[in-house]
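S.K.: Here are the chains, one letter per residue:
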Amino acid sequence: DSGVTQTPKHLITATGQRVTLRCSPRSGDLSVYWYQQSLDQGLQFLIQYYNGEERAKGNILERFSAQQFPDLHSELNLSSLELGDSALYFCASRGGGGDTQYFGPGTRLTVL
Amino acid sequence: ELKVEQNPLFLSMQEGKNYTIYCNYSTTSDRLYWYRQDPGKSLESLFVLLSNGAVKQEGRLMASLDTKARLSTLHITAAVHDLSATYFCAGRPRGGSNYKLTFGKGTLLTVNP
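Keeping their order, the protein sequence lines are chains A and B.
The first sequence runs 1 to 112 under my numbering.
The second sequence runs 1 to 113 under my numbering.
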């Protein structure tokens, strides 16, 4: 158990809908990272937040957005969902001064 | 832009044998990571390699880093079935503080009795 929690574990929805994925980092970790894992694209970095501020962006679609709240939990919002958005979405956290990113259990999103 | 390539992508081994997974990266990276992922599960951190010549070992796994060759290896010694999993290497581009990682495609390792 990495100490990173994600909810929900599974999400099934329809095209065009909007969903929110939630992540709670390890206690004390200020950095949160979001990754998408799919069969065709592999593991891709989406976005990073540090203590409430966006720090880095990867290949994140404009339909996707994220935020980190004062209690340090983070949410990834996916809108106008398409079939191709079906994937595992991971959140990871990292502590100040540490090198390792600890991954949560992931949310499996299925868009029908 | 950092690119990370692993090979092989699929590896079927017999128990008791040794093998190596290779990870090449395209530009300067100052952190090289190895992760393990079991089917349908999360990623578990195995090693973080920080400098040229770094070598780390945990049980039957040993990872090394050659920054001049832009190459990291994950060596498996006397494989056992429990090591069956997908192994990813990932790099962080040198400079900056954001720690966004670029992952390889992963190596699916199957250890057969």
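No lab work stands behind these hints: they were computed from the structure.
Computed from a predicted model, the values in this text were never measured in an experiment.
Certain hints may be false.
Computed far set for chain A versus chain B, every beta-carbon distance over 12 Å [said to hold, decoys possible]:
| # | residue |
| --- | --- |
| 1 | Thr13 |
| 2 | Ala14 |
| 3 | Gln41 |
| 4 | Gln44 |
| 5 | Phe45 |
| 6 | Leu46 |
| 7 | Gln48 |
| 8 | Ala56 |
| 9 | Arg63 |
| 10 | Pro70 |
| 11 | Asp71 |
| 12 | Glu75 |
| 13 | Arg94 |
| 14 | Arg108 |
Each computed DMTMM-like pair below joins lysine to aspartate or glutamate, with the alpha-carbon atoms no more than 20 Å apart [to be verified]:
| # | chain 1 | residue 1 | chain 2 | residue 2 |
| --- | --- | --- | --- | --- |
| 15 | B | Lys100 | B | Glu15 |
| 16 | B | Lys68 | A | Asp1 |
| 17 | B | Lys17 | B | Asp66 |
| 18 | B | Lys3 | A | Asp1 |
| 19 | A | Lys9 | B | Glu44 |
| 20 | B | Lys100 | B | Glu5 |
| 21 | B | Lys105 | B | Glu1 |
| 22 | B | Lys105 | A | Asp40 |
| 23 | A | Lys57 | A | Glu75 |
| 24 | B | Lys41 | A | Glu54 |
| 25 | A | Lys57 | A | Asp99 |
| 26 | B | Lys105 | B | Glu5 |
| 27 | B | Lys56 | A | Asp40 |
| 28 | B | Lys68 | B | Glu15 |
| 29 | A | Lys57 | B | Asp66 |
| 30 | B | Lys3 | B | Asp66 |
| 31 | B | Lys105 | B | Asp38 |
| 32 | B | Lys105 | B | Glu15 |
| 33 | B | Lys100 | A | Glu82 |
| 34 | B | Lys41 | A | Asp40 |
| 35 | B | Lys105 | A | Asp1 |
| 36 | B | Lys3 | B | Asp82 |
| 37 | B | Lys56 | B | Asp66 |
| 38 | B | Lys17 | B | Asp82 |
| 39 | B | Lys3 | B | Asp38 |
| 40 | A | Lys9 | B | Asp38 |
Just so you know, even glycine gets a beta-carbon here, dropped at the ideal spot from N, CA and C.
S.K.: Does each hint fit the structure? Answer for all of them.
M.R.: Cross-check of the supplied hints:
Look at Thr13(A): its CB is around 20 Å from the nearest CB on chain B, clear of 12 Å, so calling it non-interface holds up. Every C-beta of chain B lies more than 12 Å from that of Ala14(A), the closest at about 23 Å, which supports listing it as non-interface. Chain B draws Gln41(A) into its interface by the beta-carbon criterion, the shortest separation being 10 Å against a cut-off of 12 Å. The Cβ of Gln44(A) sits about 8 Å from the closest Cβ of chain B, inside the 12 Å cut-off, so the non-interface label is violated.
Chain B draws Phe45(A) into its interface by the beta-carbon criterion, the shortest separation being 5 Å against a cut-off of 12 Å. Non-interface call for Leu46(A) relative to chain B: violated, since the shortest CB-CB distance, roughly 9 Å, does not exceed 12 Å. Gln48(A), annotated as away from the interface, has a beta carbon of chain B within 12 Å; the closest lies near 5 Å. Annotated as non-interface, Ala56(A) brings its C-beta within 12 Å of a C-beta of chain B; the closest such distance is 4 Å.
The beta carbon of Arg63(A) sits about 20 Å from the closest Cβ of chain B, which is more than 12 Å, so the claim that it is off the interface holds. Its beta-carbon lying about 21 Å from the closest one in chain B, Pro70(A) satisfies the requirement of being farther than 12 Å from that chain. For Asp71(A), the requirement that its beta carbon stay farther than 12 Å from each beta carbon of chain B is met, with the minimum near 22 Å. Every CB of chain B is more than 12 Å from the CB of Glu75(A) (nearest about 19 Å), matching its label as outside the interface.
Remark: the non-interface label on Arg94(A) conflicts with the geometry, its nearest Cβ contact in chain B lying 6 Å away (cut-off 12 Å). Under the 12 Å C-beta cut-off, the non-interface status given to Arg108(A) relative to chain B is violated; the minimum distance is some 8 Å. With a C-alpha separation of about 35 Å, the suggested pair Lys100(B) and Glu15(B) falls outside the 20 Å cut-off, and the hint is violated. At most 20 Å may separate the alpha-carbon atoms for a hinted pair to count; Lys68(B) and Asp1(A) exceed this at roughly 35 Å.
Between the alpha carbons of Lys17(B) and Asp66(B) the distance comes to roughly 24 Å, so the proposed pair goes past 20 Å and is violated. Taken as a hint, the Lys3(B) and Asp1(A) pair is broken in the structure, with Cα atoms around 30 Å apart against an allowance of 20 Å. A hinted pair counts as satisfied when its Cα atoms are at most 20 Å apart, and Lys9(A) with Glu44(B) qualifies at roughly 17 Å. Taken as a hint, the Lys100(B) and Glu5(B) pair is honoured in the structure, with Cα atoms around 17 Å apart against an allowance of 20 Å.
Taking the CA atoms of Lys105(B) and Glu1(B), the gap is near 16 Å; set against the 20 Å cutoff, the hint holds. Between Lys105(B) and Asp40(A) the alpha-carbon distance is near 10 Å, which keeps this suggested pair within the 20 Å criterion. Taking the CA atoms of Lys57(A) and Glu75(A), the gap is about 15 Å. The hint holds against a cut of 20 Å. With a CA separation close to 27 Å, the supplied pair Lys41(B) and Glu54(A) exceeds the 20 Å bound.
This hinted pair checks out: Lys57(A) and Asp99(A) have alpha carbons roughly 19 Å apart, not beyond 20 Å. Note on Lys105(B) and Glu5(B): the hinted pairing holds, with a Cα-Cα distance of about 7 Å set against a maximum of 20 Å. For the given pair, Lys56(B) sits about 31 Å from Asp40(A) by alpha-carbon distance, which is inconsistent with the 20 Å threshold. The straight-line distance between the Cα atoms of Lys68(B) and Glu15(B) is roughly 33 Å, outside the 20 Å bound, and the hint therefore fails.
Straight-line distance between C-alpha atoms of Lys57(A) and Asp66(B) comes to about 28 Å, which puts the hinted pair past the 20 Å bound. At most 20 Å may separate the alpha-carbon atoms for a hinted pair to count; Lys3(B) and Asp66(B) meet this at roughly 16 Å. Taking the CA atoms of Lys105(B) and Asp38(B), the gap is near 15 Å; set against the 20 Å cutoff, the hint holds. At most 20 Å may separate the alpha-carbon atoms for a hinted pair to count; Lys105(B) and Glu15(B) exceed this at roughly 24 Å.
With a C-alpha separation of about 25 Å, the suggested pair Lys100(B) and Glu82(A) falls outside the 20 Å cut-off, and the hint is violated. Among the hinted pairs, Lys41(B) with Asp40(A) is consistent with the structure: their alpha-carbon atoms are about 18 Å apart, no more than 20 Å. The hinted pair formed by Lys105(B) and Asp1(A) fails the criterion: a straight-line CA distance of about 24 Å is larger than 20 Å. Between Lys3(B) and Asp82(B) the alpha-carbon distance is near 30 Å, which puts this suggested pair outside the 20 Å criterion.
Pair hint Lys56(B) plus Asp66(B) holds up; C-alpha atoms about 13 Å apart against a cutoff of 20 Å. Taken as a hint, the Lys17(B) and Asp82(B) pair is honoured in the structure, with Cα atoms around 14 Å apart against an allowance of 20 Å. Distance restraint check for Lys3(B) and Asp38(B): the Cα-Cα separation of roughly 24 Å exceeds the 20 Å cut-off, and the hinted pair is therefore not satisfied. Our distance criterion of 20 Å between C-alpha atoms is met by Lys9(A) and Asp38(B), whose separation comes to about 16 Å.
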